[in-house]
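Make a model of the complete structure from these sequences and hints.
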Amino acid sequence: MKRFILRLTGSQHAQLKTHLFPGDGKEAVALALCGRLHHPEGHTLCVHQILLIEHSKCERTPDRVRWDTAHGRQLFERAAAKGMGVLKIHSHPAGYDRFSEYDDVSDGDLFPSLHSWTDDGMPHASAVMLPDGSMFGRFVDSAATFHKMTHVAVTGDDIAFYRQGGGSTVDAAQMRTSQTFGDKTTVLLKHLRIGIVGCSGTGGWVIEQLARLGVGNLLLVDPDIVEFKNLNRIVNSTQDDALQKRAKVAALHAAIAKHGTGTEVTVFQDDLFNRKVARALAECDVLFGCMDSIEGRDILNRIAAFYSVPYFDLGVRLDADGMGGIVNVSGAVHYLLPDGSSLLSRGAYTAAALRADSLKRTNPSQYKSELAEGYIKGAKVDSPAVISVNGFCATMAVNEFLARIHPYRGSDNSECRWQQFDLVNSCWLQPKEGVKCLELSKRAGRGDTTPFLDCMTYA
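Per my numbering, residue 730 is the first one in the sequence shown, and the count goes up by one each step.
No wet-lab data here; the hints were simulated from the structure. Possibly wrong hints are sitting among the right ones.
Calculated cross-link-like contacts (lysine to aspartate or glutamate; reagent style EDC-like; alpha-carbon spacing at most 16 Å) [stated by the list, open to error]:
hint : residue 1 : residue 2
1    : 755       : 792
2    : 1165      : 886
3    : 811       : 1177
4    : 913       : 900
5    : 811       : 1141
6    : 1005      : 770
On a predicted model such as this, the values are computed, not experimentally measured, just so you know.
Take a look at the structure:
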């Protein structure tokens, strides 16, 4: 079945809700310029910029809103020039949870002319927000056919997925999960597609837990094979995997198939620098980054921003003196908002370290030369890794994900976007994330571009 998805950030959702429900009980309307993600399974629109149609320029009643489409002319022109989509969104103050006959007429008038304006054959969308902030909608193709949105995703400090119809039962394997989180969250997990990049120490544990929680579809990305040195920390890996030089993604896929949880798995024995892999990750509902590569983490952060996807980044550090002494056992879980701070702006790595990591991949001889000459400082080498620390960090990340789709903690989720643990000093920290990333926040929801992700890596 085709998937038609609308994505927006938490701040965009809040802006729209304030405008669409001014408190007078009358409908209001807004437009949005949307980035596109076109793929074989359907189409996704990601809100990039919002145009609020002033209340004074509309004829507003409790059950309809009229407005002159001339107010959206500049937005329509930009959509045509940039190959982007247009979203029309209005409110139903009385809580009517479907499109009205008037909505059908209004959309029937707007979208044929909009398709003539953009003339690229790609769909646009119409959505409705209800007083509680929930949303539903439909895509409108060039033949003026309506396609019901599969869901509307809001990536904020709380992550919301508003699914349209099609309830589902809780599987017997998830009875205990449902007792904890309720049927609604358990069914939601069953409908999610989650991408995990890096299937080793932390990634293996994240994958294991998500599958056991009943996530419906996992996409696993890792280019490497299982080696004997991995057996101390990759959950479910075996000696036979190492002997057969089995791909990590294949080994974990086989393990999940034995669970009986019904989780579907797609694997890529590849890395993020394959455009096909990167686009497949953009189609996911949630992303987990479980890799050491600075360049890879930066690319995944870009995917999450451009396509408005929630992104959880994991990192572990263990420093030992080689004689049994432990100096440092620490880790961090970052939650990244598409229009917020980034790993780079938070100082998780520097621009110089990012450049060096990219150079190591693209020009190894130049990298070695600069390293020998001292231009590259602090180059990472193989470090110790143990299953207990990896599992601790992975569990922390999965619980962070659960807290955002099913808020349960006493503090607001906005206070927990960056969390660190230090097992040597037995402390848990929540550093301030700092300001928005000037580079990525302005690209939130930009969607497909040329080059892909505005990144020369894919040029």
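query: Hey, residue 1005 versus residue 770, does the alpha-carbon distance stay inside 16 Å?
result: This hinted pair holds, its Cα atoms lying about 14 Å apart.
Given pair status - residue 1141, residue 811, alpha carbons within 16 Å: violated, 38 Å
message: Run the distance test for residue 755 versus residue 792: straight-line Cα separation, threshold 16 Å.
response: Given that 16 Å is the threshold and the Cα spacing comes to 7 Å, the pair holds.
task: With a cut-off of 16 Å on the C-alpha distance, tell me whether residue 1165 and residue 886 pass.
output: OK: residue 1165 and residue 886 at ~15 Å, within 16 Å.
Satisfaction of hint between residue 1177 and residue 811, Cα-Cα up to 16 Å: Judged against 16 Å, a Cα distance of about 10 Å means the pair holds.
message: Holds or violated: residue 913 and residue 900, Cα atoms, limit 16 Å.
response: Roughly 13 Å separates the two Cα atoms, so the pair holds.
Comparing the model with each numbered hint stated earlier shows that hint 5 is the single one that does not hold.
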